[in-house]
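Enquirer: Going line by line, the protein sequences match chains A and B. Reminder that position 44 of the first sequence reads as 44 in the working numbering, one-by-one numbering, no gaps. Reminder that position 162 of the second sequence reads as 162 in the working numbering, one-by-one numbering, no gaps.
Any given hint could turn out to be false.
Below, a list of computed lysine-lysine pairs in the BS3-like style, where the Cα atoms sit at most 25 Å apart [unchecked claim]: (1) A/Lys253 with A/Lys340; (2) A/Lys4 with B/Lys190; (3) A/Lys160 with B/Lys66; (4) A/Lys470 with A/Lys362; (5) B/Lys66 with A/Lys319; (6) A/Lys319 with A/Lys362.
One-sided and incomplete, this derived list gives chain A residues near chain B with beta-carbon spacing under 10 Å [said to hold, decoys possible]: (7) Pro34; (8) Ala89; (9) Gly92; (10) Leu95; (11) Leu113; (12) Lys117; (13) Met120; (14) Thr121; (15) Thr144; (16) Ser145; (17) Thr294; (18) Pro332; (19) Gly333; (20) Glu435.
These are computed hints drawn from the structure, not numbers from a lab. Yeah, the Cβ is synthetic: ideal placement off N, Cα and C, and Gly gets one too.
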Amino acid sequence: MFEKVWQQHVVTEPAGEPTIVYIDLQLVHEVTSPQAFEGLRLSGRPLRHPERHVATVDHNVPTTSIADRLVIADQIANAQVSALRKNCADFGIELFDVQDADQGIVHMIGPELGLTKPGMTIVCGDSHTSTHGAFGALAFGIGTSEVEHVMATQTLPQSKPKSFLIQVEGGPNGSLPAGVTAKDIILDIIGRIGTDGATGYVIEYAGSAIRALSMEGRMTVCNMSIEAGARAGMIAPDETTFAYLNSRRFAPKGAAWDQAVAHWRSLATDPGAAYDRELHIDATSLAPSVTWGTSPGMVTSIDSSVPSLDHARTEADRKSFARAYEYMGIRPGTPIQEIKVDAVFLGSCTNGRIEDLRAAAKVVNGYHVDGAVRAMVVPGSQAVKRQAEAEGLDRIFKSAGFEWREPGCSMCLGMNPDILSPGERCASTSNRNFEGRQGRGGRTHLLSPAMAAAAAITGHFTDVRNWRFKP
Amino acid sequence: MQPINILTSIAAPLPLPNIDTDQIIPKQFLKRIERTGYEDFLFYDWRRIQEGPDAGKPDPGFVLNKPEYSGAQILIAERNFGCGSSREHAAWAIAQFGFRAVIAPSFADIFFSNAGKNGIILAALSEAEVQTLLERCTSNPRYRITVNLEAQTVSDEQGFRAGFPMDPFRKHCLLNGLDDIGLTLLHEDKLNAYESQRRHAFWLDPKPQNA
């Protein structure tokens with residue numbers, strides 16, 4: 001599949017230079033674009049295809065209230081959002097602004113609007129662009145110089161990555177063990193291969209457990225490909241993909257839909273295709289996962305303990321482990337379930353979708369957040385927020401003591417006011433547990449939405465497989 | 001982009017693997033709309049004391065705060081340097097602080113690309129070679145290393161010499177300080193031809209006419 005998508009986007013392969021690859025869609029947000037627009041102005045270059053660019057505001061917008069979002073108190077953040085508005089107006093790019101019914105995290109709205117389609121090449125100045133690979137698109141994060149490059153040429157010079165097949169087999173019909181989710185699959189993969197295990201590769205996820213995942217689950221898996229160092233993650237499009245896309249705003253309609261589906265079907269990997277590397281995972285042996293350290297690869301299962309130094313594979317890992325114990329304020333050998341949390345964050349481009357909120361609400365229903373915990377839900381987009389409110393999920397969260405916020409990246413990276421205080425420990429459905437990621441000195445543990453919800457209720461990490469769900 | 005070829009300098013050791021771009025430049029500095037002025041924010045939190053009465057003051061134990069390493073143009077770290085976020089601000093901060101080369105056993109993909117566009121040489125050596133350099137520059141802050149881009153070598157005055165891989169095109173751009181966009185636009189005829197031959201492929205359009 002990767003090979004076919006790549007070949008269809010080769011503009012030219014000049015001798016002695018990287019391949020020039022055509023980019024079908026560039027997604028734009030406020031943080032990594034201002035210097036790119038400025039570069040175009042300074043060089044006097046036009047933006048080649050405004051219709052292949054779509055923008056939104058997500059990284060630094062407040063999530064507290066509509067009023068706080070319309071006038072951002074942080075002057076520097078406000079200037080950045082204002083710059084995006086001006087740049088989109090000047091260069092003719094459609095912007096889903098903060099008050100728009102379709103605003104949301106950039107990796108949420110692409111799929112929701114049907115902008116993201118199988119077989120496309122998609123880039124964005126954000127590493128979690130890999131999310132869109134769930135549709136069989138080749139999608140990857142780029143830096144600001146490359147953002148400018150795509151604006152000016154609608155192409156990128158790229159050396160061809162290698163291919164990596166990760167085959168995940170589940171039980172009957174691809175089923176996962178109780179309490180195990182897409183998040184646990186990808187955390188397990190990162191734990192196995194390490195945060196640089198897929199550097200230089202595009203991962204193709206396959207196998208019955210992947211096929212059985214919803215589009216939401218597939219997006220969670222592809223989203224965190226970058227956390228294994230991969231250039232991109234991809235899943236071949238199938239009936240699940242087409243059912244999700246059909247009738248979305250920017251999906252082809254009528255006869256054109258059938259024609260498009262026929263094309264998308266042809267992208268599936270041919271049987272017997274060779275990969276540069278392969279990994280096979282038995283998903284029936286997985287358990288809900290929790291990260292314990294400061295790298296997504298520092299992960300273990302809910303029923304185990306913080307690993308000792310003996311588990312470090314190299315001398316460098318030993319140093320990282322020792323540093324992580326200290327930063328996280330955690331001792332090796334501590335059972336994961338004994339670790340108490342101060343905050344719970346439900347949201348992000350990894351787990352801010354409707355299915356994630358449903359899974360969490362199911363756990364929360366009938367309970368109340370532990371007295372020592374502050375918990376918030378930040379839907380990934382306006383569409384998710386509306387849907388959740390229509391289903392009454394907001395009432396479940398609010399009556400349990402969760403804050404119900406406006407959409408954005410929020411506490412995933414703490415660029416807006418949603419941050420942890422030094423030493424605060426957070427159960428987070430996001431994607432990175434780096435030092436200071438959610439606020440200087442903050443301690444992040446990554447886990448699935450249902451597991452985060454359970455931790456919010458009990459005040460410590462809790463095995464959701466033993467949860468007493470209330471009707 | 002400033003051309004670069006041969007660089008001889010003292011080197012600052014950062015002996016940790018998986019140094020992510022959130023450490024290189026924390027998120028609060030990503031709100032700026034400028035491309036310059038990031039040098040003071042490089043490793044912002046690591047440069048400061050985190051706890052106690054002196055919290056917020058420069059941490060004298062951090063390598064970039066040590067006067068003996070002042071002026072180092074080479075940074076040495078362990079594997080998977082620059083992982084995480086795509087923020088090019090990480091490359092801007094490193095370059096604007098004064099580093100022109102980073103030596104490590106491996107680099108994350110997006111950072112690798114960003115560094116190349118900002119005139120920074122990334123020299124990937126073996127784990128053992130990096131350990132040797134880390135030991136030498138840790139024990140002797142005046143220890144000098146030469147990075148030769150043309151020859152693709154890292155060497156010192158004590159007989160150390162190791163080669164590093166470098167894509168020929170990237171090398172050409174670094175040596176000559178070339179802007180990629182201009183180079184791509186040299187192929188504009190091919191680009192026009194490509195766009196016109198797939199004009200019918202509406203299934204690859206973000207917003208097709210028939211949506």
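Enquirer: Is the interface hint for proline 34 of chain A satisfied, with its Cβ closer than 10 Å to some Cβ of chain B?
Expert: holds (4 Å)
Enquirer: Minimum Cβ distance from glutamate 435 of chain A to chain B below 10 Å?
Expert: holds (6 Å)
Enquirer: CA of lysine 319 of chain A to CA of lysine 362 of chain A, is that 25 Å or under?
Expert: violated (40 Å)
Enquirer: Is the shortest C-beta separation between glycine 333 of chain A and chain B less than 10 Å?
Expert: With a minimum Cβ separation of about 23 Å from chain B (threshold 10 Å), the hint on glycine 333 of chain A is violated.
Enquirer: Hint validation: leucine 95 of chain A versus chain B, beta carbon distance must be below 10 Å. Holds or violated?
Expert: Where the cut-off is 10 Å and the nearest Cβ of chain B is about 14 Å from leucine 95 of chain A, the hint is violated.
Enquirer: Please work out if lysine 470 of chain A and lysine 362 of chain A have their alpha carbons no farther apart than 25 Å.
Expert: With a Cα-Cα distance of about 8 Å, the restraint between lysine 470 of chain A and lysine 362 of chain A holds, given a limit of 25 Å.
Enquirer: Does the interface hint hold: is glycine 92 of chain A within less than 10 Å of chain B, judged Cβ to Cβ?
Expert: violated (13 Å)
Enquirer: Holds or violated: lysine 4 of chain A with lysine 190 of chain B, Cα cutoff 25 Å?
Expert: Measuring from Cα to Cα gives roughly 20 Å; hence the hint holds.
Enquirer: Return the status of the interface hint for serine 145 of chain A: holds when the least beta-carbon distance to chain B is below 10 Å, violated otherwise.
Expert: holds (4 Å)
Enquirer: Would you check whether threonine 144 of chain A satisfies its interface hint, that is, whether its CB is within less than 10 Å of any CB in chain B?
Expert: holds (4 Å)
Enquirer: So, as I understand it, the hint says lysine 117 of chain A touches chain B; can you test that by seeing if any CB pair is closer than 10 Å?
Expert: At about 6 Å, which falls below the 10 Å cut-off, the nearest Cβ of chain B leaves the hint on lysine 117 of chain A intact, so it holds.
Enquirer: Is the interface hint satisfied for leucine 113 of chain A? The criterion is a beta-carbon contact with chain B at less than 10 Å.
Expert: This hint holds: leucine 113 of chain A lies near chain B, its Cβ roughly 9 Å from the closest one there, short of 10 Å.
Hint compliance for this structure: hints 1, 3, 6, 8, 9, 10, 18 and 19 are not met, and every other hint is.
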